[in-house]
Amino acid sequence: MILVDPKTETVGMAHIAQPDSSINKAKATEKPGYFADSAIPALLTQMTKFGCDPRGKGMVVKLCGGANVMDTNDIFQIGKRNALAIKKILCHMAWVLFLKIWGKTTAEPL
Amino acid sequence: MATQISPEKLQEIVKSVPMLSASASQLLQIATRADHDLIDVINLVRTDANLTARVLKIVNSAAFCLINNITSIDRAISYLGERIVISIAIGDCAGKLFDKELSGYESAGGDLWKHDLRTAIASREVVTQTGADISPELAFTAGLLHDIGKALISDYLQGSATEALKLITTEEGLDYLDAEQKMVGFDHTRAGYELAKAWNLPDELAEVIRHHHEPTNAKEEYHALVYAVHLGDNIAMMGGFGTGSDSMRYKLDQQYTDYIKIGPNTLATIMLNVDIEFEKLEESFHGSGEKD
Chain A
1 MILVDPKTET
11 VGMAHIAQPD
21 SSINKAKATE
31 KPGYFADSAI
41 PALLTQMTKF
51 GCDPRGKGMV
61 VKLCGGANVM
71 DTNDIFQIGK
81 RNALAIKKIL
91 CHMAWVLFLK
101 IWGKTTAEPL
Chain B
1 MATQISPEKL
11 QEIVKSVPML
21 SASASQLLQI
31 ATRADHDLID
41 VINLVRTDAN
51 LTARVLKIVN
61 SAAFCLINNI
71 TSIDRAISYL
81 GERIVISIAI
91 GDCAGKLFDK
101 ELSGYESAGG
111 DLWKHDLRTA
121 IASREVVTQT
131 GADISPELAF
141 TAGLLHDIGK
151 ALISDYLQGS
161 ATEALKLITT
171 EEGLDYLDAE
181 QKMVGFDHTR
191 AGYELAKAWN
201 LPDELAEVIR
211 HHHEPTNAKE
221 EYHALVYAVH
231 LGDNIAMMGG
241 FGTGSDSMRY
251 KLDQQYTDYI
261 KIGPNTLATI
271 MLNVDIEFEK
281 LEESFHGSGE
291 KD
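These protein sequence lines are chains A and B, in that order.
Position one of the first sequence corresponds to residue 1 (the numbering used here), numbered consecutively onward.
Position one of the second sequence corresponds to residue 1 (the numbering used here), numbered consecutively onward.
By construction, these hints were calculated from the structure, which means they are not laboratory data.
C-beta: ideal position from N, C-alpha, C; glycine also.
Hints may be right or wrong, so weigh each one.
[What the hints assert, rightly or not] With a straight-line cut-off of 27 Å between C-alpha atoms, the simulated DSSO-like cross-links for lysine-lysine are:
1) B:Lys114 <-> B:Lys100
2) A:Lys7 <-> A:Lys80
3) A:Lys25 <-> B:Lys280
4) B:Lys197 <-> B:Lys251
5) B:Lys280 <-> A:Lys27
6) B:Lys15 <-> B:Lys96
7) B:Lys15 <-> A:Lys80
8) A:Lys80 <-> B:Lys96
9) A:Lys49 <-> A:Lys80
10) B:Lys15 <-> A:Lys27
[As the list claims (entries may be wrong)] Which stretches of chain A does chain B cover? Using the computed rule of at least three CB atoms under 8 Å from a CB of chain B, they are:
11) 44 to 58
12) 76 to 90
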């Protein structure tokens, strides 16, 4: 997930691996970028140091990645779950999203 | 462009690969014996001075954060566990193969080793977290060896990645194995299997190498193990550690549910544990090796 603040020309990026930090809170404290629910507030906090709005006003969000294994059942669709978690959190924060939905089965370099 | 490999050429390639050391070979035999004990591993390592030295060096590396150095091989092996000792032995004699740049997959040197190590850890985690009736240590070793065939055919796949991906995306139902077969005449599981035979690997390890993408075709008595590695392989790729152009380009065999019970939360825990364990092992194998 990449956050871009055009006003202050600040860019922040988190490499989110999993949707939900409830499986290991200690890990979320140590590496907040790992889980969607801890990454977003942590990234915003860091970006406020560069003069960005703490609620992300005026920012643009870009999501890359989210590839899935070629699986017909849902268990292994972690990319899809990560994307959904990010979108849910941002919606809760009243962000209006204009996202290109992805979810291919490919792994591509950023 | 990719080059077709004749069966004779494949045998030639296999013959050009260094043999496993006697210790590595015997360790693999021990690992597949259901009734074996750690003492069997210790007794074997003791007979190999180089391996003993390497095991001691790794256990005392910074990655394991020991307060006092371990100087006895018995304690070192008890501390590290059978799987790490086997990884060291294999890495010592086949390290070049694992570190090879997989140019045919557009993958850098060392990527294969990282993918294999993550698959090994993930396969073991799949077994321990789901309570599957398989030896976790054996699942680790099998995971470590599963993709060895890629190092054999990679050179011949050079320049084929774009065409391979085009083939998969345009023809319904094809995956990267089909692309490899089309490009060089057979896939990496077959190449790995030929090497497994040349190395005289135990039957279950050869079956994992041959069928890790299609476990249902493996001998029935090894199904659970092959499925564990099948999932471990996919989990490694999902974590961002594939081997390049083929990453996530394989089918998931749905029959895994007959052998391994896994839900989204278990999967999340496994993926997290893989990340934590990988960081530690990676540092011990490739770190400075010295304590501060």
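Verification of the hints:
1. Of the pairs offered as hints, the one joining Lys114 of chain B and Lys100 of chain B holds, with about 11 Å between alpha carbons and a cut-off of 27 Å not exceeded.
2. Between Lys7 of chain A and Lys80 of chain A the alpha-carbon distance is near 31 Å, which puts this suggested pair outside the 27 Å criterion.
3. Restraint check for Lys25 of chain A and Lys280 of chain B: the C-alpha separation of about 20 Å stays at or below 27 Å, so the hint holds.
4. As the CA atoms of Lys197 of chain B and Lys251 of chain B are separated by approximately 26 Å, the hinted pair is consistent with the 27 Å bound.
5. Straight-line distance between C-alpha atoms of Lys280 of chain B and Lys27 of chain A comes to about 15 Å, which keeps the hinted pair within the 27 Å bound.
6. Under the criterion of a C-alpha separation no larger than 27 Å, the hint pairing Lys15 of chain B with Lys96 of chain B is consistent with the structure, at around 15 Å.
7. A C-alpha spacing of about 44 Å is found between Lys15 of chain B and Lys80 of chain A, which places the hinted pair above 27 Å, so the restraint is violated.
8. For the suggested pair Lys80 of chain A and Lys96 of chain B, the alpha carbons sit about 37 Å apart, so the restraint of at most 27 Å is broken.
9. Note on Lys49 of chain A and Lys80 of chain A: the hinted pairing is violated, with a Cα-Cα distance of about 31 Å set against a maximum of 27 Å.
10. Restraint check for Lys15 of chain B and Lys27 of chain A: not satisfied, since their Cα atoms lie roughly 46 Å apart, outside the 27 Å limit.
11. Counting residues of the stretch 44 to 58 of chain A whose C-beta lies closer than 8 Å to any C-beta of chain B gives 0; at least three are required, and the coverage claim is violated.
12. Under a criterion of three residues with beta carbons nearer than 8 Å to beta carbons of chain B, the stated coverage of the stretch 76 to 90 of chain A is upheld, 4 such residues being counted.
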